[in-house]
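Peer 1: Take any residue in the sequence shown, note its place counting from 1, add 117, and you have its number in my numbering.
It is worth saying that the hints were derived from the structure and are not from the lab. Quick caveat: nothing in here was measured; it's all calculated off a predicted structure. Misleading hints may appear alongside valid ones.
[What the hints assert, rightly or not] Pair ranges (Cβ atoms, derived): (1) Asp300 - Gly141: 47 to 53 Å; (2) Asn343 - Gly169: 51 to 57 Å; (3) Met226 - Lys135: 57 to 63 Å; (4) Ser159 - Asn378: 33 to 39 Å; (5) Arg352 - Asn256: 25 to 31 Å.
[Said to hold, decoys possible] Computed cross-link-like contacts, BS3-like style, restricted to lysine-lysine with a CA-CA straight-line distance of at most 27 Å: (6) Lys167 - Lys150; (7) Lys197 - Lys213; (8) Lys197 - Lys129; (9) Lys167 - Lys129; (10) Lys228 - Lys197; (11) Lys167 - Lys149; (12) Lys213 - Lys285; (13) Lys305 - Lys285; (14) Lys149 - Lys129; (15) Lys167 - Lys135; (16) Lys213 - Lys228; (17) Lys285 - Lys306; (18) Lys306 - Lys345; (19) Lys135 - Lys150; (20) Lys228 - Lys196; (21) Lys285 - Lys228; (22) Lys149 - Lys197; (23) Lys196 - Lys285; (24) Lys196 - Lys213.
Note that the Cβ used here is the ideal one computed from N, Cα and C, for glycine as well.
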Amino acid sequence: MDRGDGIQNLQKMVQAAKMYYQEGLTQETIAKKLRTSRPAVSLLLAEARKNGVVQIKIKDPEVNNEELAGQFQKRFGLKKCLVIPCGIRQEDVVLKIVASQAARFASRMMKSHTTVGTSWGGSCYEFMQAFPEDTELCNITVVPLVGGSPLLTREFQLIESVREFSEKLRGTPVVLYSPGFVDTIEDKKRYMGSLYMQSVLEKWRTLDFAVIGVGRPPEFIRCNYNDKVIGIEERDLRSTNQVLAVAVGSSKIFSIIGALNSGILDYFATDEETARQVLNVLDSKVIKALQ
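Use the sequences and the hints to build the structure in full.
Peer 2: And the structure:
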């Protein structure tokens with residue numbers, strides 16, 4: 118084969134590889150596009166792998182990226198950080214994978230005869246859904262960390278999620294009959310001062326383990342918005358024995374940074390892409406100028 122034929126063959130390899138691995142086309146469809154046979158396409162793909170045009174890397178979600186995790190642990194004083202390799206761009210799928218690994222980790226950290234708190238939102242919902250049922254944990258009280266949400270999607274239906282989660286923990290759910298947000302600070306004071314809320318407040322003050330999402334700004338930022346939330350106070354969350362946050366996605370970057378800098382978190386779970394974005398933002402000139 119002369120040099121011209123070699124270059125042409127390489128170009129075909131690249132074309133076939135892009136269509137197969139990036140666009141997800143079948144070999145039969147690729148054959149039609151390249152005006153060749155299906156066996157010829159199969160040969161092109163095999164040659165592409167053999168010659169290094171295509172390099173297949175397996176991202177094992179059960180393996181922690183210890184290098185990135187170590188940077189987070191050192192930088193933010195975390196007891197443990199999980200940075201999960203995914204190799205997937207669909208954020209909802211990434212969240213399920215990260216939440217699943219976070220749930221496995223938490224199942225080893227939780228203890229029986231304790232109180233666990235959780236919240237609504239995608240991260241906490243996926244965490245509770247993924248929590249294993251085959252643990253030896255028992256007699257755990259599960260308490261919501263915030264009142265109800267007006268949103269009707271399943272990740273915001275905390276009463277049902279808490280009930281299902283408590284069953285996995287062979288424990289008892291606590292039902293919080295209050296809205297998550299109120300109109301005025303005075304309304305919040307009335308709710309928080311009610312007789313019913315006193316038992317919930319006591320459980321918040323003596324939490325053993327808390328699972329939280331990070332959300333979007335203004336989460337972890339002191340403002341009037343948070344003054345009207347019916348939920349656990351920062352001081353109680355800060356005094357909780359173990360706090361785990363689960364978060365993925367570029368929309369959460371600044372809230373993640375706020376949460377990590379708060380000193381509240383003991384454990385943090387995310388994916389590689391989000392972890393790299395957080396570190397890039399922290400090392401950027403914009404953040405340094407604000408410090």
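Peer 1: List, from low to high, the hint numbers that the structure doesn't satisfy.
Peer 2: 3, 4, 8, 13, 17 and 22
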